[in-house]
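> Sequence:
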Amino acid sequence: MTPYRIAVVGCGVGGMAVATLLADAGHDVTLYERFGEPRPLGAGLLLQPTGLKVLHRLGIEAAALDMGAHIAGIDGRTTRGRKVLSLRYGQLDARLHGLGIHRGVLFRLLFDRLRRSPARLVTASEVAGIETTAKSATLRFANGAATASADLVLVADGAHSALRAQAGVRFRAPLYPWGCLWATLPDRENRFAGVLHQRFRDSRVMIGALPVGRQPDDPDGEPCVTVFWSLPARDIDAARAAGIAAFKANVLRHWPELGLPLSHLHDMDQVASATYRHVAMPRWSRERAAFLGDAAHGTSPQLGQGANMALLDAAALATAFATAPDITAALAQAEAARQGPARFYRQASHLLTPFYQSRFAPLGWLRDLAFGPLCAFPPTRDMMLSTLAGVRRGWLGTSPVNADGRPDIPMV
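If you read the sequence shown in the working numbering, its first letter stands for residue 1, the second for the next number, and so on.
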């Protein structure tokens with residue numbers, strides 16, 4: 001194996017994972033992070049069997065399982081109690097499950113693992129531009145610091161990346177019209193344990209409650225649940241300005257059972273917001289710059305795959321660099337393995353999201369009528385479950401489960 005000088009941009013899930021794996025393999029890796037003190041951004045998340053497999057490769061799966069919350073499936077109902085979605089991983093394979101985890105916990109596990117690797121971390125260094133040739137890449141920094149050069153730059157700075165245009169790749173990244181407000185709160189009585197709960201009122205109201213285990217600053221503490229309130233992105237500022245009482249009243253009007261967790265909310269500073277982009281990038285690399293994770297294929301969070309896809313991208317890149325003869329071949333191998341699944345999840349998310357988040361209420365009525373029978377009919381149920389579990393290779397293919405109970409994902 002030829003060792004390369006590799007720059008990684010972004011200290012998120014994908015950036016830390018790929019930097020760690022490549023540095024462990026003997027490459028000279030430097031990770032650049034714009035914040036002076038790296039920190040997690042985003043809500044609690046659902047790790048799928050695919051993402052857990054990459055954590056196993058990194059040696060941190062056991063710690064994640066200890067801190068997170070075992071998720072057996074999804075239970076989605078209308079605000080009047082009608083069952084819409086009922087999916088259990090065990091219906092696909094008894095060994096599969098998801099893991100709800102606080103993003104701060106996952107960040108800390110990945111960050112500690114990064115620090116145990118040979119990779120270097122450079123903070124307070126916002127990359128403002130990238131210049132590439134067929135042989136090298138140069139990074140320009142926003143603070144006016146001297147440029148840095150590398151054999152390759154891997155960009156993992158998220159769906160809102162400003163570096164796509166700088167690198168000269170073709171892409172579209174429109175902002176999704178819907179975003180969310182969220183908060184992670186104690187669930188002392190474990191009322192929401194075991195599954196991802198969702199409540200719907202046609203396609204204009206969606207609320208989620210995801211068990212995420214313990215918080216990063218309280219590893220011996222009580223279990224928590226992350227509550228999501230979906231709303232048009234243009235309404236987020238107004239919802240925040242309306243204050244905490246209005247926020248709680250809106251949620252409780254549709255889902256009174258959330259009263260106990262929401263009793264721990266006292267200020268809108270406890271509530272964070274998120275917006276999303278639908279990122280389409282025909283090729284993830286150009287010359288000596290390549291993109292991964294949400295920077296390459298971000299979607300709405302409807303299918304819960306963002307962190308998992310970033311981890312899979314990182315693992316595929318590490319595998320490719322261990323076997324390919326040069327950088328160009330390694331990037332081509334990794335992209336060939338990952339483009340099909342990423343394209344499927346991007347398209348499926350784009351198709352399904354309006355049934356949950358749109359102004360066109362009849363789409364929600366259609367969902368309420370159709371999705372229950374689809375969950376009960378084995379062929380469509382299995383496709384829905386394999387989509388949830390992250391093991392779809394495309395519209396027609398699914399990765400099998402190995403004897404060890406882990407998905408057989410190419411290049412991972």
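Please note: incorrect hints may appear among the correct ones.
Unchecked claim - For each label pair, taking beta carbons as the anchor points, the in silico distance ranges come out as:
1. Arg115 <-> Ala361: 22 to 28 Å
2. Met1 <-> Leu252: 54 to 60 Å
3. Gln91 <-> Lys135: 49 to 55 Å
Think of the hints as simulated: they come from the structure by calculation, not from any bench.
By construction, the Cβ of each residue, glycine as well, lies at the ideal position given by its N, Cα and C atoms.
> Determine for every hint whether it applies to the structure shown.
Hint check results:
In this structure the supplied range 22 to 28 Å is violated for Arg115 paired with Ala361, their Cβ-Cβ distance being about 50 Å. Between Met1 and Leu252, the C-beta spacing of about 57 Å keeps the proposed range 54 to 60 Å intact. Restraint check, Gln91 to Lys135: a C-beta distance of roughly 51 Å satisfies the suggested window 49 to 55 Å.
When the structure is compared with the earlier hints, a violation turns up for hint 1 alone.
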